[in-house]
Amino acid sequence: MLLPKWEEGYSVDNEMIDMQHKKLFDLAQKAYLMVNHSVSKDEIKEVLREFFEYMRDHFKDEEDYMISIGYPRLDEHKRLHRQIIADFSECVKEIHSANDLKEKIGVIAKEWLLQHILKEDMLIRRYCKERMFVQRDLGISVEKYEYICSCKGKIHEVPPNIHEKIQHQNAKFICRFCKQILRLKH
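So for the sequence shown, this note's numbering puts the first residue at 35; every next one is plus one.
Quick caveat, the hints were computed from the structure, so don't treat them as lab data. Everything hinted at is true.
Subject to a maximum C-alpha distance of 30 Å in a straight line, what follows is the list of computed DSS-like cross-link-like pairs (lysine-lysine):
no., residue 1, residue 2
1, K186, K79
2, K39, K75
3, K206, K219
4, K39, K79
5, K153, K127
6, K206, K56
7, K79, K188
8, K56, K163
Remember, predicted model here, so these are calculated numbers, not experimental data.
Put together the whole structure using the sequences plus the hints.
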């Protein structure tokens, strides 16, 4: 079984989330390629641990994004994230050989990663597009402000209410990865 490669059709039209989805695809590929090499169970588990931790952090960022856009299915989406994490944890515990890994990676890539991104995350994309049309038709601003941190290439899209707090109330928002204060991108 070949793992799918990232393609633009998987985009949710949010640069940070798309970048993270690409990284998840890369990590799944890295784990999958290990099965064709002589590696220990501990090495396999280490790659899966890295994959798991990145996925967990990504889910938090994705949930923060959904909050910022007022996504109506947030609670349901959070439940799906928790279920994926629980299933993934159980999956890793059951790995006893490279063959187990191959089977589990197939499940992770196809059923969790692809189904989640192609089905559930596409609903976020659709919601944003529909919301933009409605807001545009009503004359409501859909403006987002771009903030940066010390992470290479990372852009934080900030809604107007958060931008106002940063600019006028001296609120500080910190990147959860590099732990640096966000700065307005010029």
